[in-house]
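As you go down the protein sequences, you meet chains A and B in turn.
Under numbering that gives the first Met the number 0, the first residue of the first sequence carries the number 0, and numbering increases by one thereafter.
Under numbering that gives the first Met the number 0, the first residue of the second sequence carries the number 0, and numbering increases by one thereafter.
Treat the hints with caution; some may be incorrect.
[To be verified] Simulated restraints on C-beta separations:
| # | chain 1 | residue 1 | chain 2 | residue 2 | range |
| --- | --- | --- | --- | --- | --- |
| 1 | B | F115 | A | G95 | 26 to 34 angstroms |
| 2 | B | A191 | A | A153 | 46 to 54 angstroms |
| 3 | B | V204 | A | A155 | 26 to 34 angstroms |
[Claimed, not checked] A few chain A residues that don't get close to chain B, going by computed Cβ distances all over 12 angstroms:
| # | residue |
| --- | --- |
| 4 | E48 |
| 5 | V93 |
| 6 | G151 |
Don't read these hints as lab results, they were simulated from the structure.
Note that CB positions come from ideal geometry on N, CA and C, so glycine has one too.
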Amino acid sequence: MKYAVAVSLTVLIGVTSAQAVESAGNTAVEIKITAEVEVTVKNADGIEEVKRVPAAKVPPGTAVIYTLNAKNTSAQPVADVVMTDPIPAAMEYVDGSVSAQDARVTFSVDGGKSFAAKEALKVRGEDGALRAAVPADYTHIRWQLEKPLAPGEARAVSFRARVE
Amino acid sequence: MLRHDLKRMASTLAAAALLWSAADTASAIGADAGTTVSNTASVVYTVNAVVQPAVASNAADFVVDRLVDLTVTAIPVTYVSVTPAADGAFLFSVANTSNATLGFDLITANNATDPFGGTDNFDPTTLTAVVDAGVLGTYEPGVDVATTMDTVVEDGTFGVWVVAAIPGGQGNLDIAAITLTATAREPGAGGAALVEEVGAEDPLVMETVFGDGVGDTDAANDASYSDSGAYQVASADVTITKTETLISDPINAGVNPRHIPGAVVEYEVTVTNDALSAFPATTLTISDVLPGDVTFATDTYGAGFGIDLDGLALSNAVDADAGSEAGGTVTVTVPTLAAGASAVITFQVTVN
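Looking at chain A on its own, in the form it has when it is part of the complex:
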């Protein structure tokens, strides 16, 4: 278990530092990510309601909502916006939880090397034979926005992943 975490973190750090170097110049799009969990709280009227709070109390089994927000901070429209997010090593994508409004969503099962629609994803099972991928196999999620972002425009996408 620790081994798997270590491997994935290495990949993650590698990607992050590479991106940091590339994005050192002026960027027209800024991307932010938040991790939240849903909690049930009683409101002033004593009625229970579900609230989203930053992910702090996160025991195994908790579903975390990741929200990616891309914003065009430049004076020009930007197109072909593709947001990519790795599913952290200790987490498992919650099937059907991805928001796909105005975006083409694809998944990767090979550490982000290739992406495909979930129906097309195959992985090699323990017996060596190809089988259909399940959410536990997903390593990355990618959103290809169908429309350009106008100056100042932002677009949020989200998904849920459960702590194993």
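Given the coordinates of chain A, assemble chain B onto it according to the supplied hints.
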């Protein structure tokens, strides 16, 4: 290799490393407590159809909290058979199904409810819970002595014997039900009690959350779990009865004899091992001290043979055979009496 295969392989290796694997069915949840889960997204785009460098987001980090969970499982599916005046040992397995290494305290208590459907009707003299060590799955007094388990890794299981001192003379088939409760605590010798965090949460601090289920005698989410077992006494249930038949008197001979001096009386002593006894009774010694008003008849079954055991004449002398008479005490030994079997001893006396 897929990351999930890696995970599976790692957890299989961890499980294989466990020494105590009996009833290793419980499985801890995946993410280790204290693991930082970091997530950085990226975006690429074009401006005027020119591909721009990828941009990375902030890292959304949180630390996986410690979810305390454990199970206690009685291993035998029926009574552990015990002998009066001896110790009985009932085996449980305790599993750390948390996502962290924990220590465990063990408490055992009498339980009025027999988990196997019978009726609890006695309490052992003492109850002790000790960790199974040495030869696993075998209770070894003097070896299995630790009363706590200081360090149990996630997915780790260990055995616990609840040792009961059964009172001497406890009746055959009597039942004593007991419960073992394991309580998770901080690992290490003398580890502190676990405290479930309340109040403000910090994403970057590992908090403690109780997630255990309801055991036999404990509540959910209390860092404890309990299960029950029971002992059943297996012994020989021996009873002895004595009847007297007046055979003759010197005046009336055998016709309506009276208990007058010189009358001959036959005593019949029956020793029975109950049909439900779990064991044959062994090395029985039956003694009958005759009252002073009667005199043992020495030659009832032949010269010098005054005792009959199941149709076999025994000599009065203290010798190789099973019977003897000395100073007005008749003694018969029976090597073994199977469940449901009886031994019948007859001898005669004359009224003084």
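A quick look at each hint next to the structure:
{"no.": "1", "hint": "B:F115 / A:G95: 26 to 34 angstroms", "in the structure": "violated, 46 angstroms"}
{"no.": "2", "hint": "B:A191 / A:A153: 46 to 54 angstroms", "in the structure": "holds, 48 angstroms"}
{"no.": "3", "hint": "B:V204 / A:A155: 26 to 34 angstroms", "in the structure": "holds, 28 angstroms"}
{"no.": "4", "hint": "E48", "in the structure": "holds, 18 angstroms"}
{"no.": "5", "hint": "V93", "in the structure": "holds, 14 angstroms"}
{"no.": "6", "hint": "G151", "in the structure": "holds, 15 angstroms"}
Checked against the numbered hints above, the structure violates only hint 1.
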